[in-house]
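Trainee: Line order of the protein sequences matches chains U, G, X and B.
Okay, so the first sequence: first residue is 1 according to my numbering, each after it adds one.
Okay, so the second sequence: first residue is 320 according to my numbering, each after it adds one.
Okay, so the third sequence: first residue is 639 according to my numbering, each after it adds one.
Okay, so the fourth sequence: first residue is 958 according to my numbering, each after it adds one.
I should point out that these hints are in silico values taken from the structure, not numbers from a laboratory.
Hints are supplied without guarantee of correctness; some may be wrong.
Computed footprint of chain U on chain G; a stretch qualifies when at least three of its residues, placed anywhere within it, have a C-beta under 8 angstroms from a C-beta of chain U [what the hints assert, rightly or not]:
no., region
1, 364-375
2, 498-511
So these bits of chain X aren't anywhere near chain U, every CB distance computed over 10 angstroms [said to hold, decoys possible]:
no., residue
3, Ile-675
4, Gly-700
5, Gly-712
6, Gly-737
7, Pro-748
8, Arg-792
9, Gly-829
10, Val-831
11, Gly-877
12, Arg-884
13, Asp-925
14, Pro-932
15, Gln-954
16, Val-956
A virtual CB, placed ideally from N, CA and C, is assigned to each residue, including glycine.
There are 4 protein chains.
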Amino acid sequence: MPLTAPLHGVVPPVCTPLDSRGEVDTASLARLVEHLIEGGVHGLFALGSTSEVAFLTDEQRGTALRTVVDATAGRVPVLAGVIDTTTARVIEHARTAAGLGADALVATAPFYTRTHPKEIAGHFRRLRETVDLPLFAYDIPVAVHTKLSAALVRELAEDGTLAGLKDSSGDEGGLRRLIVELGGRDGRAQGPVPRFSVLTGSELTVDAALLAGADGVVPGIGNVDPAGYVRLYDAARAGDWQTAAREQERLIELFAMVDVGPEADMGRSSSALGAFKAALQLLGIIDDAATVFPQIQLSAESVALVSQRLRGAGLQPVR
Amino acid sequence: MPLTAPLHGVVPPVCTPLDSRGEVDTASLARLVEHLIEGGVHGLFALGSTSEVAFLTDEQRGTALRTVVDATAGRVPVLAGVIDTTTARVIEHARTAAGLGADALVATAPFYTRTHPKEIAGHFRRLRETVDLPLFAYDIPVAVHTKLSAALVRELAEDGTLAGLKDSSGDEGGLRRLIVELGGRDGRAQGPVPRFSVLTGSELTVDAALLAGADGVVPGIGNVDPAGYVRLYDAARAGDWQTAAREQERLIELFAMVDVGPEADMGRSSSALGAFKAALQLLGIIDDAATVFPQIQLSAESVALVSQRLRGAGLQPVR
Amino acid sequence: MPLTAPLHGVVPPVCTPLDSRGEVDTASLARLVEHLIEGGVHGLFALGSTSEVAFLTDEQRGTALRTVVDATAGRVPVLAGVIDTTTARVIEHARTAAGLGADALVATAPFYTRTHPKEIAGHFRRLRETVDLPLFAYDIPVAVHTKLSAALVRELAEDGTLAGLKDSSGDEGGLRRLIVELGGRDGRAQGPVPRFSVLTGSELTVDAALLAGADGVVPGIGNVDPAGYVRLYDAARAGDWQTAAREQERLIELFAMVDVGPEADMGRSSSALGAFKAALQLLGIIDDAATVFPQIQLSAESVALVSQRLRGAGLQPVR
Amino acid sequence: MPLTAPLHGVVPPVCTPLDSRGEVDTASLARLVEHLIEGGVHGLFALGSTSEVAFLTDEQRGTALRTVVDATAGRVPVLAGVIDTTTARVIEHARTAAGLGADALVATAPFYTRTHPKEIAGHFRRLRETVDLPLFAYDIPVAVHTKLSAALVRELAEDGTLAGLKDSSGDEGGLRRLIVELGGRDGRAQGPVPRFSVLTGSELTVDAALLAGADGVVPGIGNVDPAGYVRLYDAARAGDWQTAAREQERLIELFAMVDVGPEADMGRSSSALGAFKAALQLLGIIDDAATVFPQIQLSAESVALVSQRLRGAGLQPVR
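Same shape as in the complex, but just chain U (with noise of 0.2 angstroms):
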């Protein structure tokens, strides 16, 4: 489904589940991608963070992308991530990922190396001119260590290279003031880029967001309950706040999954994405809750954890 007006509401980063190989199970993905259209989502981000992009091979990429695609059979728009070091790389990954029949592209910032403003402008550039596809910044510095500042923002909104952009920064302050730069909440229609499209990934301040005037959310844990952020995202849209901070503050709660990896056996990307995963494999939507390698996989004890949250939260496994 084309982009045709600027994106909004809940569009979840896609888990990618794994068979007993370690390969895409591709089965499993379009069973998650069905769970989440069913969910109510408004677009479906594939091949982002959360979907351990930076663990797959290409081929593995592509096949993830191809069945995100022909699954979702364009009842809602599909982001392709297209995570590289740099310019080349990534434009190698838009193409592939234009082949495929993304909606559109997700890009960072250059990373590995260490990049200068004007270069990073430089990079999104490249990009939007050669690949002929909407293109979001997506601000993580947590990844790539640098932070797009709101100047190289608008910028680049206003020349019109990016679409929309996608805040995984954390910085709601800045993310705040960028939003009063583009007309305010009530002002944006009238502001200088009508057609900019500003996700949070703060998926624990959505409410938040969506009061300073938010498009919408890009949330990790909206694979296991995108119901939930459909409903605190429809009582934002009709001006119910206090049922939109109380479906934020259960999710908060549900989203607690994350802390069940034992801080000194593993990552902290490894429990979160792992918890997911086996919440995803308890409530019977994926066959198998596997992280790629190198990631070090849940115990038995972590996902009874889960599943305790799963249950607090008023989601019921079936395994």
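Mind docking chains G, X and B on chain U? Use the hints.
Mentor: Positioned in the frame of chain U, the structure of chains G, X and B alone reads:
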């Protein structure tokens, strides 16, 4: 005014005006206190970062605090920052503050030295045991380069060490998780520490923090427009989130005054504090806008930009 | 040339010259290899950070490595960087490198994602088990934002996973402690891993590293003046530390060429790599000094400063 | 002993022993001074980070400095740390130190607040103008979270503000570049600031720093084994780099005592300072090994490990 109930509302960190010799201008400071109380604020925080506490000698700190306490005359509670590197030094400031009539203390984790969470817990406990005043933890990693974990704050709240938290960490998601753990926005009174007060120092997302269940805000730019923050707070308390968000947006535009200093020539901190003081001078509240040496002073051009920001936000300079 | 003994000496990370279309200029690259081998270097490191590996497509990486291997013709060992985000992607590069005739592999910890030390250990072990070539750990926190601990390096050295370490962490004290743990400068051969090779990437303190017991150096500016580093190495081996230190000082003055790019307009990385390539062009070794997009190119003024630095260090530009 | 020539040699940062009430144990401190001077050191640095200066009240600082000055009795110069957040507070310490007979001052950049390089320059200049004692800049980013640039140090050296630099930044390459800019190891006397003294705080790479042309070292573990650092220094001065390196290796093995504290229970800083004091107690030099609250104390097991390290380095515990 002793803290009989949990602290809530708007509690600005009071700027410290200087005279031409660089000493505390007590007349200007008393006028500033009056300006704030007339604006409807619920408390005052003297000797915070915005008060340039790190730049003041012990004698100057004493003068500033005494002036704030005297000018306040019990109309609202006065919190006193006790900012120093480690416990013994902080306790000396705390004793002075108690002697000068402060109603509560605000202390950071140790700085300059690297400190273990167990040592930080010991630091707050010793301080609370030694000086009998309600104690707020001041979480400000940009200054002390340590983040207080939610677990540590909870532990110190539950054992009665802390009366509250002033969160200037910018980690809105983390703060939200803490509030949910404390019972959530509607359940705090039935939670584990019903009298614990959560204040945010993130002055650009106050509507969001209040929606999340925070009790109040400590806004630097509240020096300039206390009535604006009080309107925001009142709207939020009344459940009128649209009005709260609009007021927040107006305050964000006002806040843009902190960008007036050219980055090549002065620090972000000097330019923000210089802008607040310039605004207070332009509004006729304080006599001199100087910040403490070695901070670089705003140019006339920068002051003109501050004046523009005031007018843009509906505040009329009198000079 | 297979690595039969522990790697030692001067092992420059080979720059990757480009032609006017931005593709690898194999003729220039072959001339650069000749320049380095004539300079007396003991090995070559292709596809490292200085080779702009993060900017090259897989095809370009293949071309560059093939060219270096062919031009070297077995005269010295060729190490190949296998730089990518995580294990599966790194293994693909490693298989390619093995197929192209590399004598050893150089891999970093995973990046983009946050990874636990146990996961990093798994990463190196899996890589070593899968592709049968000596493996060097590349400790470069400025790029991957993880520091390999001495304990982890020792563990992977002692179990035979690692043949050596390329330390670009800048933590000279930590490296010294590691060497002492391995037996010290005179006792390495009797230590726990007698064949483990310690190479420093800190090109400004090579005399110091050799005095400490390091086996060799991977100097970026060794592209420009390989013979200088070989003289430094030979003097150190002969115990003539005064001569070694003087040569190091000359190379430091030469290295100042990396400062030519104005900070306002380009990144430190672009300016350093641009300066190395400009110097190689001025010396007549490569045809074109361009760095890979989106890096910003040196101005004519900056190139003139590079030329000055060359003359100052006794190297005569031919253009 | 006034600083008539540029400071050189071994200048340990003197530990501050405590009595059972947590006050400065002046008798133990005087014995420690004697131990250091008998060890042949060339100067003493009181009230540095290793002296736990950040933990001492102003009164305790005064007691410690007075004791060091008195015990030294002019046999070597005494440098005094004047560690506080900003200029006015540092000047107060500087006046006290001058009154107590310090021969030179050691000051950091401002901390707690974020400060611009121009403000840092103003800070050092004002301090030098106000208190007439030779001034050393203390570059310690791990504590103050600002790195002094080589350009700033040069500027302040050339205009006479600074008598020297104590570099605890760990940036050995940067320090080497600075020394080359000052004329290099053999050319300093003919360079732009012939009387400027460069001291390294990197106690594990002292042979390297001296080879590079540094004038001396400020080693924390020099409290425990001053004679070892003096031997290292003398060997280096005599050009006997092999002996210098061997002595350095012995001191590195001794230094491993800083690892005795279990990371789960105490900070790195507490464990290092605790180990130094435990060693001094075991050697019979000070009465009590306690570090200042809230630092956590070493366990008996950890003290036993310190004892082992002493024996391993050829130092005989007497308790």
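Trainee: For each hint, tell me whether it holds in the structure or not.
Mentor: Taking the hints in turn, this is what the structure says about them:
1. A count of 0 residues in the region 364-375 of chain G with a Cβ less than 8 angstroms from any Cβ of chain U is obtained; the coverage claim is therefore unmet, three being the minimum.
2. Beta-carbon proximity to chain U at under 8 angstroms applies to 4 residues in the region 498-511 of chain G; the threshold of 3 is reached and the given coverage holds.
3. With a minimum CB-CB distance of about 28 angstroms to chain U, Ile-675 of chain X clears the 10 angstroms threshold, and the non-interface call stands.
4. Non-interface call for Gly-700 of chain X relative to chain U: holds, since the shortest CB-CB distance, roughly 13 angstroms, exceeds 10 angstroms.
5. Every CB of chain U lies more than 10 angstroms from the CB of Gly-712 of chain X, the least distance being 31 angstroms, so the non-interface label holds.
6. At the 10 angstroms boundary, the C-beta of Gly-737 of chain X stays outside the reach of chain U, the nearest C-beta of that chain being 17 angstroms off.
7. Interface exclusion of Pro-748 of chain X from chain U breaks down, the closest Cβ pair being 7 angstroms apart, not more than 10 angstroms.
8. No Cβ of chain U approaches the Cβ of Arg-792 of chain X within 10 angstroms, the least distance being about 19 angstroms, so the stated non-interface status holds.
9. At roughly 28 angstroms from the closest C-beta of chain U, the C-beta of Gly-829 of chain X stays outside 10 angstroms, upholding its exclusion from the interface.
10. Here Val-831 of chain X stays apart from chain U, with its beta-carbon at least about 23 angstroms from theirs, past the 10 angstroms limit.
11. Residue placement check: Gly-877 of chain X keeps its beta carbon more than 10 angstroms from all beta carbons of chain U (closest about 38 angstroms).
12. No Cβ of chain U approaches the Cβ of Arg-884 of chain X within 10 angstroms, the least distance being about 32 angstroms, so the stated non-interface status holds.
13. Residue-level check passed: Asp-925 of chain X sits 20 angstroms from the nearest beta carbon of chain U, beyond 10 angstroms.
14. In this structure Pro-932 of chain X is not separated from chain U by more than 10 angstroms, as the shortest Cβ-Cβ distance comes to only about 4 angstroms.
15. Against the 10 angstroms criterion, Gln-954 of chain X stays outside the reach of chain U, whose nearest CB is about 32 angstroms from its own CB.
16. Non-interface call for Val-956 of chain X relative to chain U: holds, since the shortest CB-CB distance, roughly 30 angstroms, exceeds 10 angstroms.
Checked against the numbered hints above, the structure violates hints 1, 7 and 14; every other hint is satisfied.
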